[in-house]
Every structure is written in C-alpha cells, then in structure tokens.
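Residue numbers (my numbering), protein chains in the order written: chain Z, 15 to 94; chain E, 4 to 163.
I should point out that these hints are in silico values taken from the structure, not numbers from a laboratory.
Yeah, the Cβ is synthetic: ideal placement off N, Cα and C, and Gly gets one too.
Among the hints, a few may not be true.
Here are the simulated lysine-lysine pairs, BS3-like style, with alpha carbons at most 30 Å apart [what the hints assert, rightly or not]: (1) E:K101 with E:K162; (2) Z:K74 with Z:K86; (3) E:K123 with Z:K17; (4) Z:K86 with Z:K17; (5) Z:K88 with E:K123; (6) Z:K88 with Z:K17; (7) E:K119 with Z:K88; (8) E:K123 with Z:K36; (9) E:K119 with E:K131; (10) E:K75 with E:K101; (11) Z:K36 with Z:K17; (12) Z:K86 with E:K123; (13) Z:K36 with E:K131; (14) Z:K36 with E:K162; (15) Z:K88 with Z:K74; (16) E:K75 with Z:K17; (17) E:K75 with Z:K36; (18) E:K101 with E:K119; (19) E:K131 with E:K101; (20) Z:K74 with Z:K36; (21) Z:K36 with Z:K88.
Not everything, but these chain E residues come out facing chain Z in the computed CB check (under 8 Å) [as the list claims (entries may be wrong)]: (22) V16; (23) T20; (24) F21; (25) E24; (26) L28; (27) H33; (28) T34; (29) V35; (30) P38.
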Amino acid sequence: MRKICGENIIVAEGIENVDFSKIISMNESSAYLWEHTQNSDFTVDDLCHLLLDEYEVDEKTAHADAEAVIDKWKEIGIIE
Amino acid sequence: MLRNDSQIATYVVDNATFLPEVVTLIAEGHTVTLPLRGHSMRPFLEDNRDKALLSEATDIREGDVVLAELSKGHFVLHRIVAIRFQNITLLGDGNLSKEYCLLDNVRAKAIGFYRKNSTKPDLTDGMKWRIYSWLWTHLFPIRRYLLFALYPHIPNRWKR
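Input sequences plus hints: build the corresponding full structure.
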C-alpha cells in the first residue's frame with residue numbers, strides 16, 4: 015500500500031509490474047484495515063476488532079462491514 | 004460507515020504530479036504499465052488506446068523509446084534518434100520536430116507496448132517492433148506526407 019497522488023494504492027510486494035491501467039485504490043477505512051492485516055491470515059472477527067478499536071461503531075455494524083469488505087476483497091481478487 | 008463505493012473509475016492525474024511517482028516506482032525496481040495519451044507516437048501507438056511497459060533507464064541507445072523529463076514536470080515518451088555523449092535528441096514517431104535533453108533527464112525506458120487491448124505486449128526486442136522501427140525511421144524523409152495520408156488534417160501552420 016502506498017500513497018500515490020493522494021490515493022491509497024495497492025502495489026504488490028517485490029519486483030513486479032504496477033499496472034496503472036487497472037489499479038486498486040482504497041478509501042480511508044479499508045486502507046486502515048488493509049494496512050493492519052497485511053502479511054497475515056485474518057478472520058471477520060479480526061477486522062471487526064480493528065474497526066471497533068478505531069471507529070465509534072457498535073459491534074453489529076462492525077461485523078457487517080467486516081464481512082462486506084472481505085467479500086469485496088475476494089471479489090476483486092486481492093485476498094484468497 | 005464503510006461505504007460500498009468501490010467501483011471502476013478512471014482517474015485522470017496530470018503528468019507533472021503522476022509521472023514522478025511512476026519514476027520512483029521504477030527506481031525501486033518495479034516495472035510500470037502506463038496508459039498513453041497523445042498522438043506523438045503514431046502510427047504504432049494510439050492516443051487513449053495503447054499502454055507502455057516501462058522499466059529502468061539502463062543501457063540507453065539510439066532507437067529506444069524513453070520517458071524523458073525535458074524540463075521540470077514536462078515529460079514525453081519519445082524515440083531517441085541521436086546520442087552524442089550526454090546529449091540526447093528525441094523525436095516522437097508521429098512528430099516532425101525534435102526535442103533535446105541530457106542523458107540524466109531520461110527517467111525510464113519502454114520495453115514493450117500493449118496495443119489494441121492486447122494482453123501480451125509487443126516487446127521492443129521483438130521482431131514486430133524492430134521491423135516497424137526500422138521502416139518508420141527510414142521513412143522519415145517522407146514522414147510529413149505519410150502522416151497526412153494516415154491522419155488527414157489541417158496542419159497547424161495553415162490555421163489562422
């Protein structure tokens with residue numbers, strides 16, 4: 015993850031190609047989750063806790079959001 | 004809280020802001036794929052259609068297509084037509100006028116091009132690029148007429 019022109023952009027680690035014709039940019043909260051889950055396995059509960067730590071939300075909302083973001087990340091293929 | 008606003012969008016960022024970031028990525032050892040704008044590398048590369056695959060600026064030679072910073076924040080992706088010591092002469096394939104810079108201003112080298120939405124690049128060490136390059140550079144004496152035949156237009160110098 016790096017900041018390029020004010021956007022949170024995911025760049026693969028190591029020496030790889032960065033394709034600016036299709037980049038993945040994240041908003042503030044998903045960038046926060048991404049930063050704190052990198053290089054580790056995580057569950058919905060982990061994300062849920064991260065959200066509860068950082069934001070003023072109830073557990074139910076956090077859980078739903080955590081599930082939503084994981085679904086999205088799977089859909090776009092940045093996690094397995 | 005988490006808005007589901009993920010979408011496919013096109014971000015247009017001006018070159019002076021964006022390309023220095025690209026140069027940084029390349030310096031870190033990444034290669035970079037960049038959508039191309041402009042008509043200056045016609046006929047091979049088309050505005051808004053093709054992409055360039057850029058790598059670090061090593062082993063720069065005549066005939067290479069390079070990303071050069073002509074002046075602060077002013078970048079072009081053009082072909083090198085002459086190298087004299089540190090002095091580089093650039094000429095876009097679709098252009099008639101040359102540009103000049105120093106070897107230090109060459110920020111990256113194109114190693115391939117993705118044309119017409121192809122997923123496989125035409126590499127600059129491949130046969131297709133080399134044949135095209137040889138032909139097009141040798142046709143320079145009649146380039147003015149070829150460009151006009153390919154892309155009929157009213158030349159700027161005739162406009163009032």
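Structure-based check of all given hints:
Of the pairs offered as hints, the one joining K101 (chain E) and K162 (chain E) holds, with about 22 Å between alpha carbons and a cut-off of 30 Å not exceeded. A C-alpha spacing of about 19 Å is found between K74 (chain Z) and K86 (chain Z), which places the hinted pair at or below 30 Å, so the restraint holds. For the hint linking K123 (chain E) to K17 (chain Z), the alpha-carbon distance of about 28 Å falls within 30 Å, and the restraint holds. For the hint linking K86 (chain Z) to K17 (chain Z), the alpha-carbon distance of about 21 Å falls within 30 Å, and the restraint holds.
Restraint check: the Cα-Cα separation between K88 (chain Z) and K123 (chain E) comes to about 26 Å, which is no more than 30 Å; the hinted pair holds. With a CA separation close to 22 Å, the supplied pair K88 (chain Z) and K17 (chain Z) stays within the 30 Å bound. Proximity of K119 (chain E) to K88 (chain Z) is assessed by CA-CA distance (about 29 Å); at most 30 Å being required, the pair is judged to hold. Between K123 (chain E) and K36 (chain Z) the alpha-carbon distance is near 15 Å, which keeps this suggested pair within the 30 Å criterion.
As the CA atoms of K119 (chain E) and K131 (chain E) are separated by approximately 15 Å, the hinted pair is consistent with the 30 Å bound. Straight-line distance between C-alpha atoms of K75 (chain E) and K101 (chain E) comes to about 18 Å, which keeps the hinted pair within the 30 Å bound. Straight-line distance between C-alpha atoms of K36 (chain Z) and K17 (chain Z) comes to about 16 Å, which keeps the hinted pair within the 30 Å bound. With a C-alpha separation of about 28 Å, the suggested pairing of K86 (chain Z) with K123 (chain E) holds against the 30 Å cut-off.
Taken as a hint, the K36 (chain Z) and K131 (chain E) pair is honoured in the structure, with Cα atoms around 26 Å apart against an allowance of 30 Å. For the given pair, K36 (chain Z) sits about 39 Å from K162 (chain E) by alpha-carbon distance, which is inconsistent with the 30 Å threshold. Taking the CA atoms of K88 (chain Z) and K74 (chain Z), the gap is near 21 Å; set against the 30 Å cutoff, the hint holds. At roughly 22 Å between alpha-carbon atoms, K75 (chain E) and K17 (chain Z) fall within 30 Å of each other, so this suggested pair holds.
Restraint check for K75 (chain E) and K36 (chain Z): the C-alpha separation of about 27 Å stays at or below 30 Å, so the hint holds. For the hint pairing K101 (chain E) with K119 (chain E), the CA-to-CA distance comes to about 27 Å; that is within 30 Å, so the pair holds. Distance restraint check for K131 (chain E) and K101 (chain E): the Cα-Cα separation of roughly 25 Å lies within the 30 Å cut-off, and the hinted pair is therefore satisfied. Our distance criterion of 30 Å between C-alpha atoms is broken by K74 (chain Z) and K36 (chain Z), whose separation comes to about 33 Å.
For a cut-off of 30 Å, the pair hint linking K36 (chain Z) to K88 (chain Z) stands: about 16 Å separates their Cα positions. Satisfaction of the interface hint for V16 (chain E) is found here, the shortest Cβ-Cβ separation to chain Z being roughly 5 Å, below the 8 Å cut-off. Using the Cβ-Cβ criterion of 8 Å, the hint placing T20 (chain E) at the interface with chain Z is satisfied: the shortest such distance is roughly 5 Å. The interface hint given for F21 (chain E) is met, as the beta carbon of that residue sits about 6 Å from the closest beta carbon of chain Z, less than 8 Å.
Because the closest C-beta pair between E24 (chain E) and chain Z is about 5 Å apart, less than 8 Å, the hint holds. Because the smallest distance between the Cβ of L28 (chain E) and any Cβ of chain Z comes to about 5 Å, under 8 Å, the interface hint for this residue holds. At its closest, the beta carbon of H33 (chain E) sits 5 Å from a beta carbon of chain Z; the interface hint therefore holds under the 8 Å criterion. The beta carbon of T34 (chain E) is positioned within 8 Å of a beta carbon in chain Z (closest approach about 5 Å), and the interface hint is therefore held.
A least Cβ separation of about 5 Å between V35 (chain E) and chain Z falls short of the 8 Å threshold, and the interface hint therefore holds. Taking 8 Å as the C-beta cut-off, the interface hint given for P38 (chain E) holds, the closest approach to chain Z being about 5 Å.
Hints 14, 20 from the earlier list are contradicted by this structure; the remaining hints agree with it.
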